[in-house]
Amino acid sequence: MNNFWLIAKHEYKRIVFRRAFLLITLAVPLGFAALIGLIAFIKESEKSEPLPIGYVDYTGLIEHSRYPVSDEGMTPIIEFGDETAALDALHREEIQALFILPDTYPAAPQTELYYLENPPGGSAWRDFNFFISLNLLTPYPEAVRHRLIEGGIITVHDVVSGREFSENGTINIVFPFIASFIFFASTMMASGYMIEIVADEKENRMLEMMLTAVSPGQLIGGKAIGLLAATLTQLTAHILILAVGLFIATPYIPTLQQLIIPWDYIGVMALFFLPAYALITAIMIAVSGVFPDSEQAQQIAGILNLLFILPLFSVVLIFENSGSPLVIFLSLFPTTAFLTISLRWGVGTVPLWQIGSSWLILITKTGLMLWMAVKLFRVGMLRYGQRLTLKGALTALRN
Amino acid sequence: MNTVNVSHLAKRFGDVQAVADVSFAVEPGEIFGMLGPNGAGKTTTIRMMMDIFRPDAGEIAVFGGQLDLAKKRRIGYLPEERGLYKDQKLEPTLIYLATLKGMDEKIARQRLSGWLERFDLTEYRQKKVQELSKGMQQKAQIIATLLHDPDLIVIDEPFSGLDPINARLVKKIFEEQRDAGKAIIMSTHQMYQVEALCNRIVLIDNGRSVLYGLVNEIKRNFAGNAITLEGEGDFDAIPGVLEQRKHNGAWHMALELGADPQAIFRHLGRQNGTRIERFELAEPSLDDIFVNVVSGKVQT
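Going down the list, the sequences are from chains E and F. Quick note: the first sequence uses my numbering, first residue 1, plus one each step. Quick note: the second sequence uses my numbering, first residue 1001, plus one each step.
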């Protein structure tokens, strides 16, 4: 096997079989999934036949038969002829609440509500409102009645991209935000690992020996690929666990049922992920080559990571005006492009020319950074305990 | 064909001329000593040989030409700044390093068993490197250098951290490798090891090779620059004596350049209370030669 791939394979195994890696990859998302499963289980097991709502109608407008009692999950509603019987039922806890509709209703909109300790739960109240609406809207045509009861559904069509945004599909707006954080967390973790990997080589004093077997480019490239494979393994595990979680939770969370997998978004993010990852990796390699130990390198890396997470501080601006000049700038700037475009995707469209330009700029910058990183690494790698000065770095880049 | 040919190497780092003019050759089937004070340019020279640095001037030929991947695989290199992956187990680490040198994993595993047994590390093969003592780690590093059966072995301070028993073992292994036709370049400050093992040496000082050739010849050339003396009396501050030390009851004195041993003998004879039992011209030790040359008391 070619040395490059030997190093990649070795590095992959070294990372993936670490306890900390296994913990973050499996235990954390499984823990979340177990928590969601537990909540869903508790919710399911707590489901019991709700206590009925009682009502006394003095208006004469309410027809009890209009209520769709056969619909699953609807709160039963009982009509009482008089208040005394109804209040007795309430005290006996045969009903959870009692509505009294006075004869002035609905001209005077007030009604009376009686309950023992707690007012009726959200679905019970909603079901009773629905029942009253069904009765009061009887004179109207069915289509109007339906529209008034169900409410309007607003769908926004983007004439440029053809995308649709609907209040029923809120999850499709939130999804890119969640995906951004997942992708980004993986990349940031990878940057920390990269510093550790290079620092390890320096601190273990292995570099000089290794360089009689491999070139600096092969060594650091192999390690970066090994790390990338580990990052993708972690991402895949997280995505699989998320998919399983969605599959389990969707029947219990109606919002999730509106989710449509945004394949175009995933395609664009896949296009940006590798160059963005390579850019972060290259920067970390350069930092590790310049600074003599991992502590110093991590400190500098922490500052440089801000260049990548800048879009997170601009989320409000992206949300309110995703086409503003600053947001466009962030979409084109190499370190912020990945996250900005991902966040923009949730709330709007990103013009094709911006995606294309951003990607080309990112690729170019990444290539340049990789070239610089290997040079700085080559010169700085044998400076045990010594920092590479600015002059030394510039000389290394010139040579 | 020489295994290594180094001709008029030079290398500068900023304002520092690390190597000014170094030349030597190393033949197959010999142990070649590379000596020099700290900061002389030995490590830089070795790194240029290993293609870690490019020389500013001069030529290097390893196995007859420029180093490529195939040739690098024939080299076993143990630098002065060395180590192993501390958080990894010994056996997989050594096999990994051997496979990077192009060795088949199965063969590496078989050979490794033999080496571990020889260095008494068999029971530690599944231990993490950080769990081994410094001496054990040193031995493991030597195994890493030899495991892939290199034709050229370059080791900086091979005996560092080794107890006398293991130092003797390493010495024996070097002799075996030499007898098997391998070329060994050994950089060390332990002169007695150089005298015991090396056929030829190069002494580098201030980036230049100042002494080069067969050890015996060099010592013969410097004979007359030292005397061995046994007796009683005051042997301090003898004119013409550069340095003196007592060993096993005898005084070993290194002489200044131009000092006449006969004049010293006559001086001692004139001193009251001095009794000479033995006075002979000594072949200087490499240690003495090193000190003389590097301190500038002797021109080469």
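Note that these hints are calculated values from the structure, not bench results. In this text, all values refer to a predicted model and were calculated from it rather than measured experimentally. Careful, some of the hints might be misleading.
[As the list claims (entries may be wrong)] Think about it this way: if two alpha-carbon atoms lie no more than 25 Å apart in a straight line, the pair counts; the simulated SDA-like pairs of lysine to any residue are:
hint	chain 1	residue 1	chain 2	residue 2
1	F	K1128	E	A199
2	F	K1086	E	D293
3	F	K1106	E	W5
4	E	K9	E	I225
5	E	K13	E	V28
6	F	K1106	F	D1149
[Unchecked claim] Coverage of chain F stretches by chain E, computed from C-beta distances (three or more under 8 Å per stretch; other residues unrestricted):
hint	segment
7	1157-1165
8	1278-1292
C-beta: ideal position from N, C-alpha, C; glycine also.
Results for each hint:
Restraint check for K1128 of chain F and A199 of chain E: satisfied, since their Cα atoms lie roughly 19 Å apart, inside the 25 Å limit. In summary, the hint linking K1086 of chain F to D293 of chain E is supported, as the alpha carbons are separated by about 16 Å, within the 25 Å threshold. Between K1106 of chain F and W5 of chain E the CA atoms are separated by roughly 18 Å; this keeps the pair inside 25 Å, and the hint holds. Proposed proximity of K9 of chain E and I225 of chain E is supported: the alpha carbons are some 9 Å apart, at most 25 Å.
For the proposed pair K13 of chain E and V28 of chain E, the alpha carbon gap of about 20 Å is at most 25 Å, so the pair holds. A C-alpha spacing of about 14 Å is found between K1106 of chain F and D1149 of chain F, which places the hinted pair at or below 25 Å, so the restraint holds. Given a C-beta distance limit of less than 8 Å, the hint that chain E covers the segment 1157-1165 of chain F is violated, as 0 residues qualify and 3 are needed. For the segment 1278-1292 of chain F, the stated coverage by chain E is not satisfied: 0 residues place a CB nearer than 8 Å to a CB of that chain, which falls below the threshold of 3.
Consistency note: the structure conflicts with the earlier hints numbered 7, 8.
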